[in-house]
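Participant: Letter by letter, the chains look like this.
Protein chains: 2
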Amino acid sequence: MAVKLDGKKLSIKLTNDLQVETKTLKNQGIIPKLAVILVGDDPASRVYVRNKHRMAEKIGIESLDLRLAKDTSEAELLEKIALLNNDPTINGILVQLPLPDQINADRITKTISPKKDVDGFHPYNLGRLFVNDPYAIPCTPNGIMYLLREYGISVDRKNVVIVGRSKIVGRPLAALMLNQNATVTVAHSHTKNLSEITRQADILVAAVGRVNFIQAQDVKPGAIVIDVGINRNAAGKLVGDVEQTEVGQVAGYLTPVPGGVGPMTIAMLMKQTIEFAKWSKQEK
Amino acid sequence: MAVKLDGKKLSIKLTNDLQVETKTLKNQGIIPKLAVILVGDDPASRVYVRNKHRMAEKIGIESLDLRLAKDTSEAELLEKIALLNNDPTINGILVQLPLPDQINADRITKTISPKKDVDGFHPYNLGRLFVNDPYAIPCTPNGIMYLLREYGISVDRKNVVIVGRSKIVGRPLAALMLNQNATVTVAHSHTKNLSEITRQADILVAAVGRVNFIQAQDVKPGAIVIDVGINRNAAGKLVGDVEQTEVGQVAGYLTPVPGGVGPMTIAMLMKQTIEFAKWSKQEK
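Chains as they are written, first to last, in the UniProt record's numbering: chain A, 1 to 284; chain B, 1 to 284.
All the pointers check out, no bait thrown in.
You can't tell identical chains apart in this list, so a pair holds if it fits in one copy or across any two.
Mimicking SDA-like on lysine to any residue, the simulated pairs with C-alpha atoms at most 20 Å apart in a straight line are:
hint, residue 1, residue 2
1, K220, Q200
2, K192, I153
3, K9, I266
4, K220, R157
The hints are simulated quantities; they were obtained by calculation from the structure and are not laboratory data.
Okay, chain A solo, but in the shape it has when bound (with noise of 0.2 Å):
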């Protein structure tokens, strides 16, 4: 039976230590702060952000919810983004996506500086992480590097397989993981014989969006899964891309989903927003 690897417990530990660092920060005159923009009215983005400013203001992160119409044009969003880029109260910048079809969401991204970009999406931030000199950090990936250190597990030598090639998951947390030692292979839908490439992970990351991807059979015995699938099945649960039942069986540890990588990105946030504040003191 694989040891629940359980992102909602950290998490709510990671918060707590996140807690008390604010208060740190307070009595040094630090207060982070974080901008979000929310374009329109799609119920699953509220929600979302929604829990980043409630996540926030528990923390004692000042949190900035910037709402806009779903009409916005681009030179709108663009000109709000100059102005919390030139604003020196705000250390992190997220504007949550999707974004509206008159929107190109990869100028944005590449508007936002790179010393705010909390999400770490920056061509800048990526190419720093891809050269083992990071600054900001996507927060899934580095939710799940987080994960795996406070269970005590190593990834130094270990063979590391990541299926999926996302600029958000699959191809940062590659390069997490080679900067840390790891053997590391990403694989996708162009793969010829996964199973068998699968099999071969000592630690096997499923990054796909597919309910029951991943099945027993893909998993060598005692290997370390980390879902980071969210999906709706047939019956409307939220289940990830490992059925997790029979790998359970097989792996030594697994994520659960919900409850497992998912808490952890959002915990990610908000370490990264205090960083910037604390970055923003130096140069770095």
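Given the structure of chain A, go ahead and fit chain B onto it with the hints provided.
Facilitator: Structure of chain B alone, referenced to chain A:
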């Protein structure tokens, strides 16, 4: 007997193509211009720089030969780069490495305008490459992809194993391969059972800088083997990372050293300079 992937021959063909292209551009009033900065008088660096100027001249690229004393301060070099960044006649800036100890190479790399970064080492350019939105691409990996393409070798669905994780070869090559749908594994000094991993490669790339590092037993019969190493063996002869004689019996394709990847690198530098000159007239 492996087919030779003849970088020397191909680089001559590419050079001829680039000559034709610069003539066409000249008729449109576009003259590509590359600035090469050499700090100090390292003999190997002087040879590299001289070869770059010669190749530029041959192709019809103007080149600016900037020689700075070996005690040049970092501030002086940064100032020089700032002038070149702002000079609209300059399309590419290359600072020959290694730099003297008083200069932080990393800071220099980040100061060159990404739009003139012919080496493709700026984090912004590496980040764009990493998310499959490339602008400048490092020359050695770009030369490898060009070589494979010209020999009709697709990397799509192939298992690619890259041994070596440097900023200038292993990492950017991994991104290029992934962007073209290869399943990519990056192995390195911490990799366990390396030979087992390299034997699974359809395309094996050795970029570690050690004589005879890859031997016949590390290679799957018929594999495509790319030897990026440039080493001197005990006899003082220029050799790669691959023991070429026996690997040549096992592999399907093999790049020689010298005459494989090396000549492609400088040709790609020239190609990148010409592209920058064209792009400088456009929004990209």
